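*Asks:* Chain residues, written in single-letter form:
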Amino acid sequence: MSRRFGILLVLLVCLALALLAGVMFGSVALSTGDVWRAIRDGGGPGGVIIRELRLPRVVLGVLVGAALAASGTAYQSLFRNPLADPFIIGASSGAALGATLAIVAGGGQIGGGLSLVMVGAFLGALAAVAVVYALGAGGSPLTLLLAGVAVGTVLSATVSLIILVRDQSLQMVYYWVLGGLSGHGWNVMPALLSIGGGASMLLWALARPLDALAFGDEVAGSIGLPLGRARAAIVLLATTATAAAVAVSGIVGFVGLIGPHIARRLVGGRHGVLMPAAMMAGAMLLVLADLVARTAIAPVEIPVGILTSLLGGPFFLYLLRRRR
Amino acid sequence: MTVLTVRQLAAGYDSARPVFSDVDLRLDEGEITSLLGPNGAGKTTLLRAIIGLLPVRHGTVTVDGVPLAALSARQRARCIGYVPQREDLDPGMSVFDAVLIGRAPHRGWMLPWRRADLGAAEDALRQVDILEHRDRLLGELSGGERQRVALARALAQQPAVMLLDEPVAHLDPGHQVALFRVLRQLATAGTAILMTLHDLNQALQWSDRTVLLADGGCVASGRPQEVLTPERIRQVYGVRAVTGIVDGVPVIRYDSG
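Chains as they are written, first to last, in the working numbering: chain H, 1 to 324; chain D, 1 to 257.
Keep in mind that the hints were calculated from the coordinates and are not lab data. Quick caveat: nothing in here was measured; it's all calculated off a predicted structure. Cβ atoms here follow ideal geometry from the backbone N, Cα and C, with glycine treated the same way. Check the hints yourself; a few may be wrong.
Unchecked claim - Listed next, with one range per pair, are the computed distances between beta-carbon atoms:
| # | chain 1 | residue 1 | chain 2 | residue 2 | range |
| --- | --- | --- | --- | --- | --- |
| 1 | D | Ser-256 | H | Arg-3 | 55 to 61 Å |
| 2 | D | Pro-55 | H | Gln-109 | 48 to 54 Å |
| 3 | H | Arg-80 | D | Ile-245 | 46 to 52 Å |
| 4 | H | Ser-160 | D | Asp-22 | 46 to 52 Å |
| 5 | H | Val-292 | D | Gly-174 | 55 to 61 Å |
| 6 | D | Leu-111 | H | Pro-314 | 56 to 62 Å |
| 7 | H | Gly-112 | D | Arg-17 | 30 to 36 Å |
| 8 | D | Tyr-13 | H | Phe-315 | 46 to 52 Å |
| 9 | D | Leu-111 | H | Phe-315 | 33 to 39 Å |
| 10 | H | Arg-229 | D | Asp-199 | 52 to 58 Å |
Could you put together the complete structure from these sequences and hints?
*Replies:* Written as structure tokens, this is what we have:
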């Protein structure tokens with residue numbers, strides 16, 4: 001118990017260090033003193049850079065990374081499969097279609113830091129998973145998974161078709177799908193924090209049902225878990241967290257797969273501890289990946305989704321080999 | 001005293017063709033009942049129907065006179081414990097956590113555990129003699145130890161009725177006997193136990209009553225040596241058998257010819 005708590009504290013310190021690095025490094029390197037002064041009174045050489053550019057960016061990384069990791073952790077329990085990720089039942093292709101439709105419709109800001117593309121992506125993800133759930137809910141998690149694959153394929157094909165017909169939207173859709181944390185200020189945070197962060201916290205509150213589901217439907221049912229309602233609540237919350245995250249960041253792959261895995265290795269399978277550990281690991285991974293993405297070949301910025309997939313692909317293979 | 005009564009039960013995965021129908025069964029306090037029958041006779045289906053994992057097509061199941069249909073999932077789980085034949089154990093969970101989750105029917109899904117819940121989980125671990133392994137991870141356990149963890153989880157529910165699906169299927173003889181002894185102690189303490197078995201000799205040695213399922217219904221029930229006659233074994237399992245007595249316990253030997 002105290003060992004797990006100690007690991008959570010260590011993770012928290014590591015996350016704080018990742019945040020500090022994310023704020024210090026970039027096109028202009030700043031010192032810890034600069035960071036301290038900028039946060040304290042907004043002054044100093046990097047005041048504006050820190051307050052208006054880097055700080056919101058790392059906070060965005062934390063929120064998106066944590067939401068994706070919480071969602072991935074929930075799906076890994078629900079499907080009893082360590083290879084499950086936030087996009088396993090169609091959230092990413094739904095978000096992509098929603099974003100594409102919004103881009104084709106002209107995009108544009110709708111106030112409060114939110115854009116039509118964000119709303120399209122958010123609703124697209126929710127709608128896609130709702131369709132998958134309606135098709136596959138009666139059956140086992142496997143039916144849900146297969147329905148997810150089928151619906152995802154149809155939606156992705158639809159995105160390709162739209163791009164083909166309206167080829168001037170190609171570049172914008174492409175950039176959106178690659179995923180990234182750039183170009184957002186503080187004003188997206190309230191919506192992201194309340195929806196994505198709120199859904200993640202509620203998933204944490206469902207730690208005990210998630211524990212039960214990890215033992216399989218037979219055991220979970222025999223200890224009195226209402227399976228249908230529990231599954232529906234978990235899918236709804238995990239999808240809401242994912243949808244809120246990708247609406248702002250685009251499709252950032254593998255953070256929702258790797259974060260939970262690292263956490264599971266560190267603190268074990270009990271979701272009361274695993275969930276916060278996974279959220280911190282996911283947040284840290286995305287902040288660090290984003291730091292590399294904007295400094296590796298500066299001034300060119302790599303979309304962070306490319307980077308997480310570059311690193312995540314090999315890790316995925318490593319997992320597959322270990323499972324044999 | 002009768003704790004659980006099954007009357008004219010029909011259940012199955014397909015509503016048009018139930019796996020069995022018209023099954024009657026009663027479980028008494030302090031008794032071990034063995035549920036026998038060839039593969040596909042519906043033994044597991046019957047257990048799953050009793051705990052509400054499968055829709056009941058016809059008939060009733062009552063616990064202490066109350067129909068299960070009138071109970072919430074949580075109320076039902078306080079009355080009936082279940083140990084499935086194989087369970088997906090999360091390898092990253094500790095033994096203690098895996099048993100503690102059995103307190104959910106008493107404590108619910110949100111509130112923090114009370115001292116009484118922790119105590120009940122420890123008692124359950126002590127009953128199956130694995131308290132010293134409480135902090136080990138499930139992934140590190142042997143098959144016999146895992147089966148005992150599963151039983152301890154069901155014990156932590158403190159149910160009046162315990163259902164077990166082939167509890168000794170993957171255990172060596174030493175662990176089989178150890179598990180049956182735990183079940184006997186449980187029964188002596190007042191629990192009504194129903195377990196499915198394939199080994200007829202185990203049914204003869206360890207159960208007080210036997211229910212034999214075959215051909216979509218209940219073929220016979222009663223004391224094991226009365227139910228398991230050579231004619232019935234031939235009729236239900238399609239093998240010839242001879243029965244005898246060794247050290248006062250009836251035994252069955254199958255004819256190899």
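*Asks:* All hints are to be evaluated individually against the structure, with a verdict given for each.
*Replies:* Here is what the structure says about each hint:
Our hint of 55 to 61 Å for D:Ser-256 and H:Arg-3 holds, since their Cβ atoms are close to 57 Å apart. Range check, D:Pro-55 to H:Gln-109: Cβ separation about 52 Å, and the 48 to 54 Å hint holds. As the Cβ distance of H:Arg-80 to D:Ile-245 is approximately 47 Å, the hint placing it in 46 to 52 Å holds. A hinted range of 46 to 52 Å is violated for the C-beta pair H:Ser-160 and D:Asp-22, which are about 57 Å apart.
At roughly 56 Å, the beta-carbon separation of H:Val-292 and D:Gly-174 lies within the given 55 to 61 Å, and the hint holds. Between D:Leu-111 and H:Pro-314 the Cβ separation comes to about 42 Å, which falls outside the hinted range of 56 to 62 Å. Range check, H:Gly-112 to D:Arg-17: Cβ separation about 58 Å, and the 30 to 36 Å hint is violated. At about 39 Å, the CB distance of D:Tyr-13 to H:Phe-315 disagrees with the hint of 46 to 52 Å.
Our hint of 33 to 39 Å for D:Leu-111 and H:Phe-315 holds, since their Cβ atoms are close to 37 Å apart. Between H:Arg-229 and D:Asp-199 the CB atoms are about 39 Å apart, so this pair departs from the stated range of 52 to 58 Å.
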